[in-house]
Amino acid sequence: DDDEEEEEKGIMIHIALIIPKNGRKPSKKITNALLSTLLHSVSASTILQAKQTYARQSQSKLFHSAAKTRATEKRSLKYDLQKKQEEMAKDRRRKWQRQNKDAGHYRPSGARMRSPNNAHFF
1 DDDEEEEEKG IMIHIALIIP KNGRKPSKKI TNALLSTLLH SVSASTILQA KQTYARQSQS
61 KLFHSAAKTR ATEKRSLKYD LQKKQEEMAK DRRRKWQRQN KDAGHYRPSG ARMRSPNNAH
121 FF
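When we follow this note's numbering, the leftmost residue of the sequence shown carries the number 1, and every step to the right adds one.
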């Protein structure tokens, strides 16, 4: 009995036709046609809605994983670029210090030689 329940993967729909107390009963043929059409319509709608929900969830997961991957790649690319720029700046500074023998010895000239205490701003 448990095996049968596990094997069945689908939906189960129960339909009941309710007729008012003093109402007129439709013929069996019309009743069967009405109920079978209703059953088919409800089952098709339910299955379609389930497929759409599954597709939306699947796309959402794919989108999130793709976005996560892109963000990780972007961060790593930014990090690599920053490292390269820092390395280039260090290298440039080394070369500049090697070529400029007077590097590190600042000697002001002209207006910069005046004392800030005696400065006249116009």
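Think of the hints as simulated: they come from the structure by calculation, not from any bench.
The model shown is predicted, which means the values in this text are computed figures rather than measured ones.
Note that CB positions come from ideal geometry on N, CA and C, so glycine has one too.
Each hint should be verified, as a subset may be incorrect.
[What the hints assert, rightly or not] With a straight-line Cα cutoff of 20 Å, these simulated EDC-like cross-link-like pairs (lysine to aspartate or glutamate) come out: (1) K90 x E73; (2) K74 x D91; (3) K90 x D80; (4) K61 x D80; (5) K83 x E73; (6) K68 x D80.
[Claimed, not checked] Derived Cβ-Cβ restraints for the label pairs, each shown as a range: (7) Q85 x T46: 30 to 40 Å; (8) T37 x S76: 50 to 60 Å; (9) Y79 x I47: 41 to 51 Å; (10) T72 x L35: 15 to 25 Å; (11) A33 x K68: 46 to 56 Å; (12) G10 x R75: 41 to 51 Å; (13) A50 x R70: 29 to 39 Å.
Query raised in the report: Is it true that the C-beta distance of T72 to L35 lies inside 15 to 25 Å, as the hint says?
Result: Violated: the Cβ-Cβ distance is about 55 Å, outside 15 to 25 Å.
Query raised in the report: Is it true that the CA of K90 sits at most 20 Å from the CA of E73?
Result: Outside the cut-off at roughly 26 Å; violated.
Requested in this report: Mind checking the alpha carbons of K83 and E73 for me, to see if they're no more than 20 Å apart?
Outcome: Distance ~15 Å between K83 and E73 Cα, so the pair holds.
Query - Holds or violated: K68 to D80, with C-alpha atoms at most 20 Å apart - result: holds, 18 Å
Query raised in the report: CA of K74 to CA of D91, is that 20 Å or under?
Result: violated, 26 Å
Query raised in the report: Is the hinted range of 41 to 51 Å satisfied by the C-beta distance from G10 to R75?
Result: holds, 46 Å
Query - K61 paired with D80 [C-alpha distance capped at 20 Å] - result: The given pair, whose Cα atoms are some 28 Å apart, is violated under the 20 Å limit.
Report task. Could you see if the CB distance from Y79 to I47 stays within 41 to 51 Å? Result -> With Cβ atoms ~48 Å apart, the hint holds.
Query raised in the report: Does the hinted range 50 to 60 Å hold for T37 and S76 at CB?
Result: This hint holds: roughly 58 Å between Cβ atoms.
Query raised in the report: Regarding the pair K90 and D80, is the alpha-carbon distance no greater than 20 Å?
Result: holds, 15 Å
Query raised in the report: Lying within 29 to 39 Å: is that true of the beta-carbon distance A50 to R70?
Result: With a Cβ separation near 30 Å, A50 and R70 satisfy 29 to 39 Å, so the hint holds.
Requested in this report: Just tell me: holds or violated, for the beta carbon distance of A33 and K68 against 46 to 56 Å?
Outcome: holds, 53 Å
Comparing the model with each earlier hint shows violations of hints 1, 2, 4, 7 and 10; every other hint is respected.
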